[in-house]
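S.K.: With the hints as a guide, dock the two chains, each given alone in a separate frame, to form the complex.
Going down the list, the protein sequences come from chains A and B.
Each number in my numbering comes from the position in the first sequence (counting from 1) with 3 added on.
Each number in my numbering comes from the position in the second sequence (counting from 1) with 16 added on.
Misleading hints may appear alongside valid ones.
[To be verified] DSSO-like cross-link-like pairs, simulated, lysine-lysine; straight-line CA separation at most 30 Å: (1) A:Lys290 / A:Lys99; (2) B:Lys121 / A:Lys99; (3) A:Lys96 / A:Lys290; (4) A:Lys290 / B:Lys297; (5) A:Lys96 / B:Lys121.
Hints in this document: simulated from the structure, not taken from any laboratory.
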Amino acid sequence: MAITIQHHLKGSIIGGLIAMVLAVPFIGLYTVSTDQGLVVQTRWSWVVWSGVMVLVGSLAVALLRDVLSARRAGRPNRAAGTKPKRDDALTAKLSKGFAIGITLFAITLPFMPFSDRYIMDVGTTVLIFVLLGMGLNVTVGLAGLLDLGFVAFYAIGAYSFAILSTTLGWGFWVCLPLSGLIAALFGALLSMPILRLRGDYLAIVTLGFGEITRIIILNWQSFTGGPAGISGIPRPSLFGLSFDRRPPEGLTSFHEVTGISFATEHRLMFLYLIALSLVLAAAWVIKRLRALPIGRAWEALREDEIACRSLGINPVASKVSAYAVGGMLGGFAGCFFAARQGFVSPESFTFMESALILAIVVLGGLGSQIGVVIAALFIVLLPEVGREFADFRMIVFGIAMIAIMVWRPGGLLSQRIPTIRLSSIKGEAA
Amino acid sequence: MDASALGTFLQYLINGLALGAIYGLIAIGYTMVYGIIRMINFAHGEIYMIGAFVAVTTFSILAAAGVTSVPLALLLVLVMAIAFTAAYGWTVERVAYRPLRGAPKLAPLISAIGMSILLQNYVMQTQGARPKPLAPVMNGGVTLWQGDGFAVNVSYIQLFIILLTVALMVGFTQLINRTALGRAQRACEQDRTMAGLLGINVDRTISLTFVMGAALAAVAGVLVTMYYGVIDFYIGFLAGMKAFTAAVLGGIGSLPGAMLGGLLIGLIEAFFTGYVSGAYKDVASFSVLILVLVFRPTGLMGRPDIEKV
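So that you can see chain B by itself, here it is in the shape it has in the complex (with noise of 0.2 Å):
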């Protein structure tokens, strides 16, 4: 392999870790919920796509207040979307999954792609239809190699998604294994009835779950807002099924298969449109996905559901 390939290979290995980051993030609120209430959330890439719109709204607000320090635009941008996507995680939650919990299996799933519905075209119908550009909050980066008519480069935003969602992650593994919260949350997921005999206060977990996912998916949607500098109303369906694929993919209801699964599909991605083609590179995530489950039916990472008679 000659120098200016390498080159370019690594080039679309950086950008498919930033794409896969994100997805990861947006797995991992599937998964969860996956994990805690067996049910697909299919509202959650609504959810994202509700980050976005808080994080371009908080975004032009802030420059019309003629706040010019990036950090702090960025740290303001980051508490609003997870404030006001984690408010509506909780809400969805609560009013078109909770009272459908012990209903038949596909009930919920149904409320769900009624929601999804639902909060589409109310950001369609308050927003409006038209995509929302949004002027480059991060500009730059830096050259890791450059040789004769070729460089590899990464700019700040792509450091930043990596850089955040490796630190998120490793907050969020703590959180999960070391804390109350995280310890009720486990001890739902293997079994809610038992966890609520021993004193745990199931719907809160549930509700603070949702919540968790939601504020995962708000840092995706401030993320994607930055990276493409576009969004509309739409972003929520394409980017929840990708990332409904890498949770399957990782094995819905782990939280490192999420991860895992997230950065697989954006390799995949980056990698098939840069080598084959950009028109098929959902095809090559899905067909990949067929394969894995083909000859691992739980997953990569996801533990084997035993069956009882």
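In isolation and in its complexed conformation, chain A is listed as follows (with noise of 0.2 Å):
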């Protein structure tokens, strides 16, 4: 024990000199704009804490694994060096009441006693990511094409629904499954040039995508508002029922009809039941299809393409489809994303966006529904809860997502459970 000790504090040692090495340009020395051009000052006993900092936290990390690998070995199934045997009907059960609780917790969130208007925005953030997960979850999770550029299908719903709106003035309702068409028709488009580029070419390609679109918004003044974006995009309304004090014209108010006072908190609890009516039915829709043929497709797809096409599975439906699948998702997310906000504009759909909504699916575990919710919890609440912290919690953000992945490279929920199985190689495994 006294040896591992000594080697660990060796290298923490060594990581804490690296550290200060590292830290001399950058934190050490820093350069001021003055009249005069820029002036360098100096902060070195920042350099010494941040040498101290990492020695005395990469040691603390190394003795924790230590103590967890430890604890590892004296049970009893794992000491042979054997996996442990995968339940598979456990944690199909386990997953199974975990998705029925956090929905149950989802659907009376709103009408608890402590929920108040910073929650519901920040709950209605969480489920907007959810459904871009969930999206993306189809075409990278199922059908295990990498997409880099999934904003570009969220934009392109959020200013479907902005341009419908406020040029033909058309509702939510109407706009909503439109958006989701005209996204899940470009998802098609884009699919059709990269059908024979696998692995990383596709993910270039797909960063293109995103960025061209971005660019095309924010350059086409006259038709999407540039820069400026557009405003003035009106909000959801309960079957003609406004949610604002003084409804637009022709239309009557929530408060007037059911005679409850007016309160904005209504508004927000109900864009956050729409938000979570729509990534219920994305849950279901997703669910049911992974038992379609073309749901089985994917996923054989994403497991091996060559034997797919031997066995006469049509890979170019299949992947037409899962890009105009998860493109649609993201276009119901970008059109509530709008009506929620009241404005777009490009600044809302950065290469940044589609880091984050990937992250969520790879955090969570690829394929995973549960996982997906669990890491947009994560990704939303985390930079939300580092508010104290407030310009250190990106940083913290960042470390997180290495630390994560480090310690869980599969992703939260990496276990994976087949779909479908044959039933004579169920009775062989059991």
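M.R.: Have a look at this one:
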């Protein structure tokens, strides 16, 4: 034990020294703009502190890992180095229980006494990201097609609603399916030229598609409003009832009809519930799709494309439909986003959003719907919780992304349960 | 084509070559890392940004110390930028990618995105979010051709960029083709397990690949600092994306391909900005990329992957 501690100490001291070297040009020295040009200033004590922090941090992590692996070694079934038996039935039961639990929680949340505007607002953001994650999960998680430009569908959905509502005066409920359709169409169109590409070539083309969409939105002033964006997007209504204090002409307001006194919270609750129903509908549709031939074709395609072709599965139809379905969900999310903000601008649709959505899918564990929910909670809530750290929260966020990947490379829920299984094999496995 | 149109064309060509050389230098880092561990190092653009910041800080220190000799200053800045940036490149690999060797394919990608967010915000917090303007280091240029109403100019900086890039490329090709390190690197690229069995230290070779990529990105950072004279913490994103596009366009994994791709992207940008519209220059680069990939799915100089069943 003493030897390992000594070993860890040595490693941590080296780590601390390296950190101090790395800290010199950024933490130790910094430049300030003055009238005479840039002037260099120093803060050497910070360099020492960053070295000490890295030393202590890496020592703590190393010791913690030792303790954890010792405890794991103590368990009988892992001691021999054998993989623990997978209990698919138990996992399925657990994740089903969790799914029901979190759904009930999400439905009751707005009516809880402690829920306020802030919780509703953050909850809605989480739901938007869950919806986006589910969309991307179809392309990346189920069909295995890497997409780094998913934000394009989000943007197309949002701008479809923004433009249709401000120019033609159409409402949210008419535009929602339309936005989804338009985004799905773009998904299908995009998938055409890239059917032959695989892996990382696919990644760069989808990235390019995302950027092209953003640049066109940014520069096509007359159609999209350019960098200024589009404002004055109408809010969703409930069967013609508006949630504004003074409803627009031709609409009656919710508080007038129901007699409940007016409160802006009602609108936030209403938005939250729309988002929740969209998410639940999407989750259900994807669950059903997975049991259909097309869903099974996606998963087969992800596992082995050549085997798929040999078995007569049409890879073109499978890929196009995967992009279309994923894009459609992105379009729904975008349409809802536009309705919630009442304003869209190109700034909301940068590559960073694509990266975050992809991070949700991968952190959650590819193909796992519950994983998407957990990861979306993490991605949205961590920066929110970290508001006290203010400036450093994004640094912590980056570190957390790396740490989770190092800790669980397969994602938080990496155990993949086959959608179908031959009954004879089931008997053997048990 | 009349003389003035030809002159304009030549001017765009020179601007495009200088820009393309910088993209090419960054693209080599992407392509080498991809060749050896088959991952997209999304944090590479940030490494280049770090190189640019070290360059600005060193230039400012030298100015304060009263170093007026331009060649000496350049040499010192290049050495400092390469040293520190290479150290960052090494650390990034050690912290974020090495523990993920053998992990599912997307895990290092997400780790790289996390690293990119981390480095961007780290530089923003420590150096400030405002752009850093730098007094011009090299002034003047040569007029290649003078006609009535137009002139074709090459600034000394453009000349320096192109010459330095050519020299680095020649040296680098020699390094990869002739030295033991280059041989080890190519062996790891072909078969990591086998290379390990034959006594090559695979981990060390991968680390050195990151160090070399970071060193070239640092040079690109220094050059960009001198060329544009202003940098901020966000420059890594766009440049990284362009360079990655260049690497894929040339055929990811191929060194001459990366340089060719970089030059092409630089030229497309310069000509598109000059003749059509500056706002849509990135659309043009990506469209060319997509077109090339439709007809040659492995890029211009990439080897086709053989699919094994």
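S.K.: Taking the hints in turn, state whether each one holds.
M.R.: Hints, one by one, checked against the model:
At roughly 12 Å between alpha-carbon atoms, Lys290 (chain A) and Lys99 (chain A) fall within 30 Å of each other, so this suggested pair holds. With a CA separation close to 28 Å, the supplied pair Lys121 (chain B) and Lys99 (chain A) stays within the 30 Å bound. This hinted pair checks out: Lys96 (chain A) and Lys290 (chain A) have alpha carbons roughly 16 Å apart, not beyond 30 Å. Note on Lys290 (chain A) and Lys297 (chain B): the hinted pairing is violated, with a Cα-Cα distance of about 42 Å set against a maximum of 30 Å.
Proximity of Lys96 (chain A) to Lys121 (chain B) is assessed by CA-CA distance (about 29 Å); at most 30 Å being required, the pair is judged to hold.
The structure fails to meet hint 4 from the earlier list, while all remaining hints are met.
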